[in-house]
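Student: Chains as they are written, first to last, in our numbering: chain W, 1 to 253; chain L, 1001 to 1278.
Any given hint could be a false lead.
As the list claims (entries may be wrong) - Which residues of chain L face chain W? A few of them, derived with a C-beta cut under 7 Å, are: (1) 1037; (2) 1063; (3) 1066; (4) 1095; (5) 1120; (6) 1158; (7) 1159; (8) 1162; (9) 1165; (10) 1169; (11) 1176; (12) 1181; (13) 1228; (14) 1229; (15) 1230; (16) 1234.
Said to hold, decoys possible - So the derived label-pair ranges between C-beta atoms look like this: (17) W:129 - L:1081: 38 to 46 Å; (18) L:1255 - W:107: 19 to 27 Å; (19) W:181 - L:1225: 49 to 57 Å.
Since the hints were made in silico from the structure, they are not lab data.
Every residue, glycine too, gets a C-beta built ideally from N, C-alpha and C.
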Amino acid sequence: MSRTLLELERVILGYRTPLLGPISLRVEQGDFWGIAGPNGAGKTTLVKTLLGVLPPHRGERRVAEPRPRFAYVPQRHHVQPDFPLRVLDVVLLGRTDRLGLGRGPGPADRRVAAEQLERLGMQASIGRPFATLSSGQQQRVLLARALTAEPDVLVLDEPTEGLDLQGEADILAFLRSLHREGRLTTLMVGHRLGEVVNVADHLCLVNHLTGLFECGPLAEMLTEERLSAVYGQPVEIDRCAERVNVHLREPGP
Amino acid sequence: MSEGVPFWENWPIWWEAMLVALLAGAGLAYLGVWVVLKRVVYVPLALSQVAAVGVVVAFLIEEAAGLTGDSGWHCLCEPSWIALLFAVASAFYFARTEAGGERATGVAYLVCSALVLTLGAFVRRDLHDISGVLFGQAVLAQLSQVVTTAAALLLVLGSHLLCHRRLLFAAHDPAAAGAAGLRVYRLEVLLYAGFALMLSVATRALGALPAFGLCVLPALAALRVARGMGQALALSTAFGLVSAGLGYYLSFAFELPAGASMVLVAGLLLAGASAFKK
């Protein structure tokens, strides 16, 4: 039986002023949630509320006991770029909450970090300055940092933003295999709906401008009516083999 | 410039001031790395204005309550302590605003500057007294200032030694650190309280210009050449020590303004580091 790791109940979310809600959402162990909506729809606000970084205006956020370990991969430009940190230094930050006050990472922590870098094909860059890496490489390092925390819940905010097609495909394939093999509970915000629906098994559709919030299993959520309502434009869904393509409907002649 | 004053023969005159300069230089330059990396280089200026409000308030309380230097209550209103209290309390304000926010810093600087002038009008003493309390001069120092500066430095370095990795994670990526369960706001308060403490003590001992200069220039120089965070912190501290020590020596030996000499040495180190990087 699956365990509920995280639950929002009639939550109104937002920064200084309420943005969206009341919304309810339950994340079970092993779920892969995709969070989609147009730009500025409140997706990152929802993620920050789920993580507990942003307290809800009203309603309740419940977390399982013992508290699951969360790891967050933010949008890359939210990371301070000037720090003179090597790749290994950045990845080891993922172990911070496991270390006591005044203690640095030990051999076991370094081993876990090196393993995750190797999984992501970044082993050769372990000593390079983080700031000198390409966008795709930085994204992999931030993902390695999150996995080094050995999390129960992995949360990613637009992990393919700014990547080329190959980089995007690599990251999505890695996330899919991570979920299939390890049943890692994952929440992923995607600015492109097409990428989200091909990796997630549950979907949240968010648009605070229309007050719309719907969530559920992917099969139920993936209808042209729902997507058109969220994006405010007619959307078409094509299924080709195992792949789902989502695009705006061409205007008629 | 004079022909020079014998330096080593006069050590009883300068050793306390030199020690204060070295301790303050090391502490400010260490913290400067965080100031520069977090892109909050104007926070030190705002903090000095917050401390100025504290001095004016202390003078007002003294005068309103009729406290004198002979009264036992006088020590509770000691202007430099009240200034320090105000500066450290403002850490909560700067920590609350995202990355010390430029707007928040501007608001604090402007409002506090206006408050000093407005409240200062009700103080019977000259505004010159206020700057006397806030901005000492780096030429001479008392033993009590050596002790205060050393205590502030130990407190800052001790707390940073304990929380280094947490501070680093929270400064580099606050959202991920918060998601991992770290108390980001408390860590920010710790960082800004450290700035406030060290700056208040150093400004009182050295003056505003060297305190600000030693907070920014050695860190910039270190970050030009360092290849890791530990190296940047160590190099910046070393540059701070050299700037303060050599600057003081030059000012004593050649009768130059002490604070300005320290800042110029730090500036030369920055130029050297930039050239080395090229």
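Student: Each hint should be assessed against the structure and marked as holding or not.
Tutor: Verification of the hints:
no., hint, result
1, 1037, "5 Å, holds"
2, 1063, "40 Å, violated"
3, 1066, "45 Å, violated"
4, 1095, "15 Å, violated"
5, 1120, "34 Å, violated"
6, 1158, "10 Å, violated"
7, 1159, "10 Å, violated"
8, 1162, "5 Å, holds"
9, 1165, "5 Å, holds"
10, 1169, "5 Å, holds"
11, 1176, "5 Å, holds"
12, 1181, "5 Å, holds"
13, 1228, "6 Å, holds"
14, 1229, "6 Å, holds"
15, 1230, "9 Å, violated"
16, 1234, "12 Å, violated"
17, W:129 - L:1081: 38 to 46 Å, "43 Å, holds"
18, L:1255 - W:107: 19 to 27 Å, "56 Å, violated"
19, W:181 - L:1225: 49 to 57 Å, "44 Å, violated"
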